[in-house]
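> Chain residues, written in single-letter form:
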Amino acid sequence: MRAFLAALLLAALVAAAPAAGDTAPPADELDGRLQAVVDGLTRDVFVGAGLSGEPEAFYVPGAALSVSLPGDATRTYVSGLANVAVGDIVEADVVQPIGSGTKPMTAALVIRLVLKGRLRLGEELADAAQAHQRDGGRLAGLVGRFRHRLRGVTIRDLLAMTSGLRDYDDDPSYARAFSRAPKAPRSLRRLAAFGLARSRLFAPGANGRS
Amino acid sequence: MLVEAVTGRRYADALDRLLRGAGLDSTSYGWPSATRVGGYANPLPDGGPALLDRYRKAFAPAPTVTSAVDPAGVRVVSSDPRAKRPTVGVGAPSAQQEKQYGGPANVALQDLGHAYSVRGAGASAGAVVSNTQDLAHFWRALFSGELLGKRGLGLIKESVPGDPGSVGVRNYFTLGLARQDVAAGAFWPGSPKLRIYMKLGDVWGYTSASYYVEGPAPYGGVVVANTTNLFPSPVGDLGVLRGTLQAIGGV
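So the sequence lines, in the order shown, correspond to chains U and A.
Here this note's numbering is used: position 58 in the first sequence is 58, and no number is missing along the way.
Here this note's numbering is used: position 29 in the second sequence is 29, and no number is missing along the way.
There's no promise every hint is true.
What the hints assert, rightly or not - Below are the DSBU-like pairs computed for lysine-lysine, each with C-alpha atoms no more than 35 Å apart in a straight line:
{"id": "1", "chain 1": "A", "residue 1": "K193", "chain 2": "A", "residue 2": "K150"}
{"id": "2", "chain 1": "A", "residue 1": "K57", "chain 2": "A", "residue 2": "K99"}
{"id": "3", "chain 1": "U", "residue 1": "K116", "chain 2": "A", "residue 2": "K99"}
{"id": "4", "chain 1": "A", "residue 1": "K157", "chain 2": "A", "residue 2": "K193"}
{"id": "5", "chain 1": "U", "residue 1": "K116", "chain 2": "A", "residue 2": "K150"}
{"id": "6", "chain 1": "U", "residue 1": "K183", "chain 2": "A", "residue 2": "K57"}
In case anyone wonders, no lab produced these hints; they're calculated from the structure.
Make the full structure from the sequences, and use the hints.
Right, here's the structure in full:
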């Protein structure tokens, strides 16, 4: 059905395209090649280790690809389905969660504060938390609770994955809480506390590990 | 939390100001209003480690949809953990894999996308909702110096060595990104030496990958962003960066 849907989709796109000539130049060769890249994601089956560790077949329903060449406008290519049940196709402006793609944005916020002189990369989180309490002391409270865990952890370590602190999301008590209420909102402080509650993986400042 | 402590602004507000300032109109912290975009996964296996069991229970109410598929080809993702980060770990199947996985199949996918709170699960490490156009725009603004200036760009590029990479690949963490130095010929036969700044992201039902490439023309200065609506899925970006650079280079 995937091939069938792809054919259907192609037919719909061709039908929707403006007549060749006046406004729509023929897609150039690069466009065709990049479209083939994103089509490969939704048309091929990928075999790899699943959660169980055993090989599984993975069929990607929908994918998008944007490419920005220096000095050129961004080109976007889409393939497959945004919603399999109702048959919505992926469109260029469709949004979805990006997971850790969030982290560079958070890092940019912190680096702006460094550029303004309000934080130093080399300062320990515990010291920064003492000095800055415009959040009503929430961070200072968390740091106080896990002082031993955060000893020696600098802001640079947090950004570079060299703090040795654990992720909150591979923690059994987080998984229990998530399982009980997957739709519950959780504060930054609660999420951080899951990771801080367990021992560090390595001493801060060592080589980064995710 | 650090941003909140220093600025007195909620993280969501500080992020929103950053994104609007950078011209990212489609990007938000958590889902915007109603959307029908599904986030899919193979049905989580029964049993297994206690942790997996917890997540399986959490997602039990998520709907499953079945469709008949007929894949065009079979691609195999390396199980070598050293091939995790780069896109070099995707290859051709063996005859046996071709036979086992090629051809039509009925596939069940569970739609996890709206069965959990993305803000509650991801927060400042993973709760942004965006698209590839905005991601490409953000990475271009970052690497042009427009977002943080030259000095800020220098800071975000500061690197420490990371996990060992596959042959010809060195992994680093920067202050917020990952970096791979790929030796000549290591990405594909005849590929040039490349330095790739990148960030892979995943959360239940979804993946993202963003890249900025340093190297000779026509690869140097290229920004690539990619999303899928399948996770858990095999590691990496399923070969998208390699395919994209080969397309650009006419390889």
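> Hint by hint, note whether the structure agrees.
For each hint, the structure was consulted:
For a cut-off of 35 Å, the pair hint linking K193 (chain A) to K150 (chain A) stands: about 24 Å separates their Cα positions. Simply put, K57 (chain A) and K99 (chain A) have alpha-carbon atoms about 34 Å apart, close enough for the 35 Å limit, and the pair holds. For the given pair, K116 (chain U) sits about 60 Å from K99 (chain A) by alpha-carbon distance, which is inconsistent with the 35 Å threshold. Distance check on the hinted pair: K157 (chain A) and K193 (chain A) sit about 18 Å apart at the alpha-carbon level, within 35 Å; holds.
At roughly 14 Å between alpha-carbon atoms, K116 (chain U) and K150 (chain A) fall within 35 Å of each other, so this suggested pair holds. Taking the CA atoms of K183 (chain U) and K57 (chain A), the gap is about 13 Å. The hint holds against a cut of 35 Å.
When each numbered hint is compared with the structure, a violation occurs for hint 3 only.
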